[in-house]
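A.B. asks: Given chain A, work out where chains B, C and D should sit, using these hints.
Number of protein chains: 4
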Amino acid sequence: MRKGVIRPGHIQLRVMDMEEALKHYRDLIGLIEVNRDDKGRVYLKGWTEVDKYSLVLVESDTPGLDFIGFKVLNDDVLNGLKNDLIEYGCEVSEFPAGELDSCGRRVSFVAPSGHTFELFADKEQTGKWGLADINPDPWPLNLTGMKAERFDHCLLMGPNVPATQALFEQVLGFGLSEQVVAPDNTVVAAFMSCSLKAHDIAFVDCPDPGKLHHVSFLLETWQDLLKAADLLTMTETTKDVGPTRHGLTSGQTIYFFDPSGNRNEVFCGGDYYYPDHPPVTWKAEDLGKAIFYHELYIHPTYLEVLT
Amino acid sequence: MRKGVIRPGHIQLRVMDMEEALKHYRDLIGLIEVNRDDKGRVYLKGWTEVDKYSLVLVESDTPGLDFIGFKVLNDDVLNGLKNDLIEYGCEVSEFPAGELDSCGRRVSFVAPSGHTFELFADKEQTGKWGLADINPDPWPLNLTGMKAERFDHCLLMGPNVPATQALFEQVLGFGLSEQVVAPDNTVVAAFMSCSLKAHDIAFVDCPDPGKLHHVSFLLETWQDLLKAADLLTMTETTKDVGPTRHGLTSGQTIYFFDPSGNRNEVFCGGDYYYPDHPPVTWKAEDLGKAIFYHELYIHPTYLEVLT
Amino acid sequence: MRKGVIRPGHIQLRVMDMEEALKHYRDLIGLIEVNRDDKGRVYLKGWTEVDKYSLVLVESDTPGLDFIGFKVLNDDVLNGLKNDLIEYGCEVSEFPAGELDSCGRRVSFVAPSGHTFELFADKEQTGKWGLADINPDPWPLNLTGMKAERFDHCLLMGPNVPATQALFEQVLGFGLSEQVVAPDNTVVAAFMSCSLKAHDIAFVDCPDPGKLHHVSFLLETWQDLLKAADLLTMTETTKDVGPTRHGLTSGQTIYFFDPSGNRNEVFCGGDYYYPDHPPVTWKAEDLGKAIFYHELYIHPTYLEVLT
Amino acid sequence: MRKGVIRPGHIQLRVMDMEEALKHYRDLIGLIEVNRDDKGRVYLKGWTEVDKYSLVLVESDTPGLDFIGFKVLNDDVLNGLKNDLIEYGCEVSEFPAGELDSCGRRVSFVAPSGHTFELFADKEQTGKWGLADINPDPWPLNLTGMKAERFDHCLLMGPNVPATQALFEQVLGFGLSEQVVAPDNTVVAAFMSCSLKAHDIAFVDCPDPGKLHHVSFLLETWQDLLKAADLLTMTETTKDVGPTRHGLTSGQTIYFFDPSGNRNEVFCGGDYYYPDHPPVTWKAEDLGKAIFYHELYIHPTYLEVLT
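Protein chains in written order, with UniProt numbering: chain A, 1 to 307; chain B, 1 to 307; chain C, 1 to 307; chain D, 1 to 307.
With the rest of the complex left out, here is chain A (with noise of 0.2 Å):
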C-alpha cells in the first residue's frame, strides 16, 4: 500500500444469461447477491467482505471483464493518483459517482495490456454479511454452496507485461511478489501485490490484448477445496483443473468455468509478501511446475481458453 491502494475492491464480469450466471456465482460459489440496479447489473460480494459488493454481473452477447476497480483509502490519495496516472501518459475518464452502485466516482484508465482498470476512494460498508457489529460470530449461517470468503483477485493476460507491471509498481505502488522469466530474462508473467497478499492482480504475457484468465475467490481450507470440487460434479459445472497446489505462490487451487466460460478460480493458502521481499521466481521453461505443482504439466486449454 506505498501509495495508498488498498485492495482490488471490484469486477465487472459479462454473463450471458443472469439467472444462469446467478446460480453459478451465488448458489454454487455461495456469494451473496446485495442488489440489482436498473441496468440489470447485479452485486455480489464474499461473505467476509465489509464493502457492500465486490463482483458486478452484467448480461452481454460476450463473457469476459469489463473492468476491475481497486479501492484507495481516501480522495486525495484519487486525486492525487489520476494525476500521476496522466503524468505517466495513461488515457484517463472519470465516471460520476453513483454509475455503479452505492460507489463514489471512479477514475478509469487502460493498461498497457490492454486491460480495463479504475481506482474510487467511497464505497458504501455494509459489514460482513450475517454478522453482528458487537460481538460478532466467526461465520455466519445460511452460507450456500463452496461458501467463498472473497473476491480475491484476477489472473490478466495480454501483451506488453512488463510496462504494466512498471505502470502498477511505480504509479500504482504495487510490488512484484512472484515472477516468470523466459530464458532471455523477459518477465512473461508478473504477480502482483498492494498488501500481504501473494497477489492482488496478475498478468501473463499473450498477443491479445484485454483478455481475462480467470477470477478468484478466496475459501478457507483444503477440505474446503475438496468439497468444493465435489460440488463442480453434483452440480455438472465444467472442472478445468484441480484440486491441486500451485507451484506460484504455493497455493491450492481449483479451476473451472462459469455458464458463459468465464474461468473461475476457487483457492486457498499460499505465501505470503511483504514490499521489502525480492520477488520469487520461476523459470519460464518450468511453466508446467510453476503453475501445477502435482501435475507438472499444464494443459494446453490452460493458456488458451480466455474470455
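It is worth saying that the hints were derived from the structure and are not from the lab. Just to be clear, a hint being listed does not mean it is correct.
Capping the alpha-carbon separation at 27 Å, the derived lysine-lysine pairs in DSS-like fashion look like this [unchecked claim]: (1) A:K227 - D:K39; (2) D:K52 - D:K39; (3) D:K39 - C:K283.
To be clear about the criterion: a stretch of chain B counts as covered by chain A if any three or more of its residues have a C-beta under 8 Å from a C-beta of chain A, and this derived list gives those stretches [what the hints assert, rightly or not]: (4) 36-46; (5) 92-104; (6) 128-137; (7) 165-179.
Since this is a predicted model, take the numbers as computed values, not measurements. Every residue, glycine too, gets a C-beta built ideally from N, C-alpha and C.
C.D. replies: Quick look at chains B, C and D alone, frame taken from chain A:
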C-alpha cells in the same frame, strides 16, 4: 502500512536457561536457529521468514520481554519516524548497526504502556529457510516439532492503552482492527495492524507497565494445532488453554508456557484487516466469549500470569 | 463380529421436551428426522446410515437411556444368542416386531451394569439419506448443523464392569479394545468393539446402575469439530469439554449436553481395533491423560453428571 | 469376518532394485523397516499396525505381486478354511512356519483371477511402532515422508471376476461392498470387505491373469494427501492421478508409481461397510465418475499400466 512500518521484525525475549529455551523454541515450536552472538544471544526464525531472524533469546535472571522491533521501508522512513516520535514527545534513543546481528541502526522508544519498541530499516535477508531461490518447493523438509511458520505478533499488557493506541495510530500508521470496550466506553484492549493481519501488536490494560502476555507464532492449519497440542503433552510442556477459537479475530489458538514462564501462542486462521475497516468491537462484559469463544470464560491465570 | 453381532443399531433416549430435543438432535447435530410413531416417539438417523433410524427420542419426566439395541446378522443368530444369554443366566424378555417402527422382534436383557440392551435381526433399510442408489454422490446437499454421520457408540456407567465385560466378550463376541486398570488390576473402564471401531460400547465403573455418560455421533474431520464447537456457542448450547483429543482411542472430541441434560459427544478419528489386538491399557492413576490427553485432568462434573 | 478372516495381513511385492525401493517405501511413503531375511527380503509396516510387518519386498527381474496373505482368527479357522478351499475345488499348498519371518504356517491358493493368496493364523505382534504399551501417545515422533498408517488393500486385475467374487464370498466370508456393473449386468469390478472397511480387496476385469493394479496405504487426512502430493514432486516420483476423490467408496486418493513401476495409492476417508449393507452400484458406462469423481474420465494408462 500508512507510515512505512512493514511488520513486527523481531522480539528479544529473556529466558532463564538457554539450552532449555532452545529445546522449547527450536525443537518443539520448530523455529530455525540461525546464529549466536558474543553476548550469548541466540537468533531464530520461522521457516517462511525472509529476514535472517525474528526471535532473539537472551539469558537472564528473570523472564520477559526486552523489546520488539518493527521493520520500516527504508532509511528515509526511519529518519522521518524518529523525528515524528520525538515531536510526539517520546524519549528516543538509538543503537548502532551491528549491535544486533546483521541488523542496521535501531531507533528505540518506550510506549506509554511501558514497553520498549524499536524501528529499523535494514536486516540481512537470507530467504525462506530450506527453499531454493528459483522454483522453490512449497515447504522445506527437515522441519521439527510444530513447524512454526513465523513470529507473528505479541500481546502486551500495561497501563495507558488509549495513549499507546494513539501513538501507534498517529505516529506509526497502525489501524485499530479490533477492540474491547468497557461499559464506560474506555478501550481496554486494542488490537492493532500495520498490514492485512488482524493484529501485528495488541495492548491490554493492566496496572503493571511493560508486561508480556504472550508471543505468538503462526501455524498453517487447525490440523497443525491438534498436532501441536499433542506435542505439548508428549513433551510435558505446560499448556494454558486450547485448542480453541478466539472471538477476537476468530483465530484458532493454543496457549502454553516456555520453560522460563513466558506465555507462547501458536495459532492459525482468523480475520483479515484493511485500513478502511471499522474496528470490530467486543464488550468487556463478554470478555470470556471475546477471548475464548468456545469456553466463554477466562481462567484467572490467563490475565494474571505475565512476564 | 465373532458371534454375529454387527453394530449398535439404535438407542432410545428420554428427553423432557420433544421440540427442544429436535432442535438439538436434528437442527444442531444434524440428524435426519425420519418418522414419528403413535406413542409420540421420534426416529432419527445420521445421513450415512443405511438402516431407517438409529436414535429414538421419547418424551419423559426424566432424561436418560431406555435401551441400546444391537443388530445381529440374521434370525438364526438372534435365536442362538437368546439361548446363550439365558444359559449365561440373564433375564431375557422379548418385544414383538413392529413395537419399534419398522423393526423386527427384539430380544431384551439387562447387563450386570444395570443397562438394558436388546438384539434384533431386522430393520427396514432405507439407504444413505439423500443419495442415489446408483452412482451415489459422496455426500448429500441440505444437511444441517454439525452434519453428524452416524450414531456411533455410548459410554455407560454402572457397577460390575468386569462381569459386564465378560458377558459382552463371552456371549456377544465383543473384544476389549482399550481398558483403564486400577493399581489393584481391576478393570475400571472397558472399551469394547464388535467391529473395526475402537469402541462400539464402553463401560465405566460407578456405584449407580444403568447410567448414561454420553451418546456419541461421528463427524468427518477435526475441521468439522471446530465448526461444531462454534455452533455450540452460536446456539448457546452447554458445552462440557473440547475440542480436544482423547488418550483412550486417540479420537478427537467435544462433549456437550442436550436440553434435557443428556451428555452428547461428537468425535472423529481415533484408533481401529482387530479381534487379535491386545487391549490398549491406561492406568487409572493417569485417568486425566487417558480421557483428556491435552488437559491431563478431568473436570469433576465429567464423572459426576450422568443421566 | 463371517468366516474368521480378519484382514489383509501382508503382501509380497517384487521390486527390481531394493535400495531404490526402500527409498520409496520407507523414506517417502514412511513405512517402517523392521527386518531383512537371508533371502534378501525386506519387511516393512505402517506405524499403526500391531503385527510385525505387512509389506515384504523381494528383488526380482520383473515387478509385480507375489502373493497377498490374510490373517485368520486362529489355527482352527485356518484348518477349516483350508478344507473349505479344497472342497470348493481350489488347488491348495502350504508353507511351513518360519518361511516368512516370524509368521506361522501359510495355506496358499490361486484364485480364478490368477492371483495367489494365502491364509495364516499367527504372526509375531510387536505393537504399534514407537508407542508405549501403557498410556500410549496418539502417534510416534520420527516418522518420515507420508507417514503411512497401514497397508490397507490391493486392487487386482484379472479374468473371472464373478468366480473370484463367489470364492471370496462363499468360502472366505467377504461381503460385496461396491460393484461396477456392465449394461449386461456382469460385475466388472468387485470391491470386497471382511471388515468395516469399504474394501479389503478389489477385483477388476481384464484378460491377463494375476495382475496388480495398485497396493494402497492409508493416510490420516486430506491435508496429509496434499503433503504427500507435494512430496511426490519434491522427490521426482512419477505421479499417476490425484489428489482427487473416488466415486467408488468416496475415498480421497493419489496414485503414483514405485521405481519398479508398481502402482501405489495413498488414500484417506471414504465409506464404511457392514455385512448387511447392499452393495453400492456404479454403472460401467460411468466408470470415469466411479473412479475419478472430480475428473469424470480415466487416463488410458490407468487401466493399462499393470504389473
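A.B. asks: Flag every earlier hint the structure violates by its number, smallest first.
C.D. replies: When the structure is compared with the hints, numbers 1, 3, 4, 5, 7 turn out to be violated.
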